[in-house]
Amino acid sequence: MLDNMLNTIFIITAAIILISALLTITAHNVVHALLYLVITMLAVSLIFFILGASFAAALQIIIYAGAIMVLFIFVTMMLHQGEKSLAQERHLFHFSTSITALFLSSMLFFELIFMLFLTPTDSANSRVTAPSSAIITVKDIGTQLYGPYSLLVVISALMLLSALITAIHISKSPVTSEIKTKADNL
Amino acid sequence: MNVNYYPAFILMCGALMILIQLCFKRSHITSYLISGLSLFLALLTQLFLQNHADTSDVLFVLNAQTSFVSLLLLMVVGLIWAQLYHWLKTINEQKEEYYLLFLFTTIGGLIMVSSNHFASFFLGLELMSLSFIGLIAYCGPDQKAQEAGIKYLILSALASAFILMGAAILYLQFGSLSFSNLMPNTSSQILPPWAIITAIIFIFTGLFFKLSLVPCHLWVADLFEGAPLVTAAMLATLSKLAAFIILWRLVTLGHWQQYPIIIDILSMVAIASMFIGNFLGLLQKNLLRLMAYSSIAHFGYLLIVLLLINNNAIEFSSQSFNTQTLFFYLVAYLFTLVGVFSIFMQLPKIKTLDDLAGLFWHHPVIAITLMLLMLSLAGIPLTLGFMAKFYLVMAAVSQQLWLVLSALVLSSIIGLFYYLRVIMAMLKTPADELKLKEINSSGSSLSLNILILFLVIGFGVFPSSLSQFIQQISG
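Respectively, the protein sequence lines represent chains A and B. Just so we're aligned, residue 1 is where the first sequence starts under my numbering, counting upward by one. Just so we're aligned, residue 1 is where the second sequence starts under my numbering, counting upward by one.
Read the hints as simulated data drawn from the structure, not as lab findings. Do not take every clue at face value.
In silico DSS-like cross-links for lysine-lysine, where the CA-CA straight-line distance does not exceed 27 Å [said to hold, decoys possible]:
#, chain 1, residue 1, chain 2, residue 2
1, B, Lys95, B, Lys285
2, A, Lys172, B, Lys285
3, B, Lys25, B, Lys151
4, A, Lys172, B, Lys89
5, B, Lys95, B, Lys349
6, B, Lys428, A, Lys172
7, B, Lys151, A, Lys172
8, B, Lys151, B, Lys95
9, A, Lys172, B, Lys25
Nothing here was measured: the structure is a model prediction, and the numbers come from that model.
Only chain A is shown next, with the shape it has when bound in the complex (with noise of 0.2 Å):
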C-alpha cells in the first residue's frame, strides 16, 4: 500500500521533471525557462527525499534553485534601466504565462504535503522511504568525505580554483586591451 502511493509520486514528480525540462529548453523568454529551470530542480529534491537522501534534496534546493535565484536578481539589478526595465519586467511577468509553472510547483508542494502528514505511520520509521534504502543522513556523507574519499574534496577544491582562475582571466583580458585602445585614441 505504501510502496505503491510512493511508486505513484514518484511517477508523478517524474513526470513534472520531464515535462518542466521540455518547457525550459523550449521557452523563448530566458525568465520563463529559468522559472521551469528552478522547477526542475525541486522536482529533482523531491526525488531525492523520496529515496531518503534528505541531505542531498537540500544542497539541490540550496544550491542549484537558490543560486539560479540569486543569479536572477543580480541579473535584473544589474540590467535595471528605470521604468522602461519595470515595463519590460511588467511584460515578462505576466501571469497567465507563469501558470503552467505554477500549476507545476504546486503539484510538488501538495506531493510533498501529501507525504509529510497523509501518508499512513503504522510503518515505523521508514516512512518516507522507498523500500531497501536506508536514509542517509548527515554523519554519513561526513565521514565517508573526510574518509575513504577524502583525496575527491581536495580534487573539487583545485577543480573550482582552476575555474575561478579561468574565469577571471578570460573575463579580466579583453578589459585591459580595450583600455589600451582607449588610451592609444586619447
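Following the hints, put chain B in place on chain A, whose structure we already have.
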C-alpha cells in the same frame, strides 16, 4: 599519506606556490622556474616509484602500468614545458596564470590515468577540461581563440553529460562506481543487456569526443588552429593520452568486448577514423589542421588495441603483448608529436605548407628534424613510428583482424602522401625569405631538437631497450 600520491601532490604544491607568489609580485621567470622545478621533482619521484608502486585503494590504482603511463605523461609535459618560456614571452598577456593552468591540466591528467573509480575519473576529467578552457582562450582578444574556447566548453560539457549518464546506468546495474566492480555478474542481472550497452555507448561517446574519433571529430581542427600553439600541443598529447588510457582500462576491466555490438562499433569507428582522418589531411594546407587530422587517424590505429583485448585465461600471453603494443605505440606517437609541436614553436610565423618553402636551405637542422619526425609519423623504417606500427600490425595479425588490418594498411598509404608533401614543401626554393629570417634558432632549441631526434631515431634503430622495459612492466 600514501607515497604513491607524491607526484600529483608535488605538482599541486607547485601550483599553489605560484598562486602565493602572484599575491606578492608578478614575475614570469619565477613562475617558470617553480613550475619547472615541481615538474622535475614529480618526474623524479615517479621514476623512483616505478619499481615500488603496487597498491590500490578505493579511488586510485597504482601499479607498474599506471605508474609508467604517469611517467610518460610527465615526460611529455616536461618536453612541452621546456619550450614554454620563449613562446610565452611573445604573447601580449599576463603570463603567470598560464603556468597555473598548465600544472592543473597535468594534475588532472595524472588523476585520470590512475583512477579506479568513476568519481575520481570524472573529477580528474573536469579538472583537466576546465583548465583547458582557460588555456585555449588564453589570448583574450584573439577572435579565433575565443571561438575555440567556447567550442571546447560546450563540447566538453556535452561529453561530460554523456559520461555521467553512462556511469549512472552502470551504477544502477552494478551498485558500485568502482572500476574493479564493473565485472558483469550474470546471477544478479538487474538491467537487460541493451541498457548496459547503451551505457557503454554513452561513455564511448564522451571519450570519443576527447579523443576526436570520427563521429565526434568535427571540433578538433578548429581547436588546433584557434588555440595557442602550446595548448594545442597539450590537447594533442596529454588530454588524448589520459582519455585513451581510461578507455582502455574501462574496456579491459568491464569485459566490454563480450558484447558483439560493442566490437562492431569499435571497429567501425576505428576504420572510419583512419580513412576520414587521412582523407581530410590529404589536401590540407594549414600545418596545424594537418596535425589535427593526422591525430584522428593515429587514434583510429590505436583503437585496434581495444579490439584485441581478449580475457581468455588461455591467451594470457597475447594479452600481455597487447598491452605492450599499446604502450609502445603511445610512447612512439606522443614523443613524435611533441617533437613536431616543438618544431612548430620554433617557427612562429609559419602557418601553412607554402610558408615552409625553402626551410631546408636556410635552417637545415630544423628542417631535417621535422623531416624525420614526419617520416616517423608516417611509419617509415628506422624511426620510432615504424616500430610502433610494426607492433600494431603484429598484434592484429596474431588475432586475425583482417578487416581493420587492411584498413590500417590502405589508410597508411594515403597518410604517407601528406606527410611527404610537408617534406617536399621544405625542399622547394623559398618564395618569401623574410619569414625564414625571423626563426628562433637558439642553442636551447637546438639541443631540444637533438634530444627529440635521439629519442625518435635512437629508439627506432635500437628499439630493444624500450621494448624490454615495456615488456617488464606489462608482463
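Each hint tested on the structure:
1. Simply put, Lys95 of chain B and Lys285 of chain B have alpha-carbon atoms about 31 Å apart, too far for the 27 Å limit, and the pair is violated.
2. About 34 Å separates the Cα atoms of Lys172 of chain A and Lys285 of chain B, which puts this hinted pair outside 27 Å; it is violated.
3. For the given pair, Lys25 of chain B sits about 34 Å from Lys151 of chain B by alpha-carbon distance, which is inconsistent with the 27 Å threshold.
4. At roughly 19 Å between alpha-carbon atoms, Lys172 of chain A and Lys89 of chain B fall within 27 Å of each other, so this suggested pair holds.
5. This hinted pair checks out: Lys95 of chain B and Lys349 of chain B have alpha carbons roughly 20 Å apart, not beyond 27 Å.
6. Restraint check for Lys428 of chain B and Lys172 of chain A: the C-alpha separation of about 44 Å exceeds 27 Å, so the hint is violated.
7. For the hint pairing Lys151 of chain B with Lys172 of chain A, the CA-to-CA distance comes to about 20 Å; that is within 27 Å, so the pair holds.
8. Distance hint between Lys151 of chain B and Lys95 of chain B is fulfilled; the C-alpha atoms sit about 23 Å from each other, no more than 27 Å.
9. Taking the CA atoms of Lys172 of chain A and Lys25 of chain B, the gap is about 18 Å. The hint holds against a cut of 27 Å.
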